[in-house]
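J.: Sequence:
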Amino acid sequence: MIIGGVRRRRLAGWLAACALFAVISACGRDQTPPPPAPDLTPEAVEPVEIEPPTAETALRPIDASDLPPLLDDGALAGAEASGDRWASLRQALERNRRWLSGRPAGRRLQVGPYRTSIRQALETTQEILTLLDEDPSPERFGAELAQRFAWVESIGGESGQVLVTGYYEPILDASLSRRDGYSTPIFGPPGGVVRADLGAFADDLSGRRIAGFVRGGRLVPMPTRGELWRDRGPLAGREIAWARDRVDLFFLEIQGSGTLRLPDGSTRRVGYAASNGRPYRSIGKLLIDEGEIPRERMSMQALRRWLRQHPAEVGRVLEHNASVVFFRFLDGPPVGNLGVPVTPGRSIAVDQSLMPPGGIAFLDTERARATDDGTRTVDGTLRRLVVMQDTGGAIRGAGRVDFFWGRGDEAANRAGAMQQPGRLLVLVPRGAVHDTMSGPANDPDAAAARSTG
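Residue numbers (my numbering): 1 to 453.
Treat the hints with care, since some could be wrong.
[To be verified] Ranges between beta-carbon positions, derived for each pair:
(1) Leu286 - Ala64: 42 to 52 Å
(2) Arg328 - Ala236: 12 to 22 Å
(3) Glu239 - Ala143: 46 to 56 Å
(4) Glu134 - Val378: 54 to 64 Å
(5) Arg295 - Glu51: 44 to 54 Å
(6) Ser159 - Ala200: 53 to 63 Å
(7) Glu51 - Gly83: 44 to 54 Å
(8) Asp289 - Leu129: 39 to 49 Å
(9) Ala236 - Gly265: 21 to 31 Å
(10) Arg316 - Ala64: 46 to 56 Å
(11) Asp331 - Asp180: 28 to 38 Å
(12) Ser183 - Gln126: 45 to 55 Å
Just so you know, the hints here were simulated from the structure itself, not pulled from any lab data. Yeah, the Cβ is synthetic: ideal placement off N, Cα and C, and Gly gets one too.
Modelling step: build the complete structure from the supplied sequences, incorporating the hints.
T.: Here's what the structure looks like:
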């Protein structure tokens, strides 16, 4: 979940990429986007050059009449669970307010075709928090949001919708020292790493980043997953803990943070610190292509089951993803790439080269869960106000959203099964300025006028 490259791609690549993204969430873990999947039907799709979205075009204005009902089902669930229906949203917004307060007030933020500032985003966040202090009903809250603010919508992927996956905080058995049964190293960040933004050297590489070591005056890449398993090399001595199971560690890397359960029963939380800069490659996509798991049955649970049933194949399959995540100990809950804790049920990860960091949005999608045989089922809607507080190695483009479910078995089940279509509507802070000559369909000033009568 922590942590882009926007590059020109073929339409055929976009169609195939949907299959890659639908396999499994890989939130946060490296700086480099996964390569597009091979075209499934190359003879049927004529390659066509299309312009990739930018921060200005990834979100499009929509008219207020096109807004869905902004009815927050998280508030309904919160009322049932604790009696405080707005507790989780209030927590996420308070964390967002603290993050915004630490940024230069005049710094520009791009919200689709609108230009706004940290100051305006902070004022808008405070306005929503003040509204929550009145403990509005979900119906009134949604109506106020629609009345007071302008909204823009993600252009989504090829289908025009976003693909919503989930991530969670896993728990795995580990030891702080190497001992019998604990032999898989969990690395801290290496020293002497040089990171480079390739966009500073060529415009067509904007958003692409690399990392490596300087050897003999040359920048050389960091070891791959397989290389580190065979020889820890420059990372020897950088181990912060040792895992009992390397499959568990692999999924910890995919999630980006989690809890180590130590032999004495105590726990330590760890979170993303850095990566080896290698491209993320989906092992789920690999097993689909090899005919091992049907595409319609692919989920995190299905992956784990297959790996347990094929222990001789574990090394080969996991090494397919050369990307490695390095961890650090956390004193509190997992944090997103903004450096603030992510809130279960309220924080999302998006491509922050296209979406505003700390942006407030309304997510309209479905819930899913995995049954014992690996089948995914939809069991309701997921509609609520969320905050863009994270990003991820596989969360690339306007058509991707990763939803943070929290910690525990239920969160793991939900996150592992979630591959749902949806809509992402982003709130435009008051005072935002439209970047083009033509007026927006849903003007922030008009929204402000509506809210003041």
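J.: Confirm or reject each hint.
T.: Hints, verified against the model:
Restraint check, Leu286 to Ala64: a C-beta distance of roughly 45 Å satisfies the suggested window 42 to 52 Å. Restraint check, Arg328 to Ala236: a C-beta distance of roughly 18 Å satisfies the suggested window 12 to 22 Å. At about 54 Å, the beta-carbon gap between Glu239 and Ala143 stays in the expected band of 46 to 56 Å. Distance hint for Glu134 and Val378: a CB-CB separation of about 34 Å, inconsistent with the stated range 54 to 64 Å.
At roughly 29 Å, the beta carbons of Arg295 and Glu51 sit outside the given window of 44 to 54 Å. For the pair Ser159 and Ala200, the beta carbons lie near 34 Å from each other, so the given range of 53 to 63 Å is not met. Against the hinted window of 44 to 54 Å, the Cβ-Cβ separation of Glu51 and Gly83 comes to about 50 Å, which satisfies the hint. Between Asp289 and Leu129 the CB atoms are about 47 Å apart, so this pair conforms to the stated range of 39 to 49 Å.
Restraint check, Ala236 to Gly265: a C-beta distance of roughly 29 Å satisfies the suggested window 21 to 31 Å. Taking the beta carbon of each, Arg316 and Ala64 are about 53 Å apart, inside 46 to 56 Å as hinted. Evaluation of the 28 to 38 Å hint for Asp331 and Asp180 yields a pass: the beta carbon distance comes to about 29 Å. Distance hint check for Ser183 and Gln126: the Cβ-Cβ separation is about 51 Å, which falls inside the suggested range of 45 to 55 Å.
Violated hints for the displayed structure, listed by number in ascending order: 4, 5, 6.
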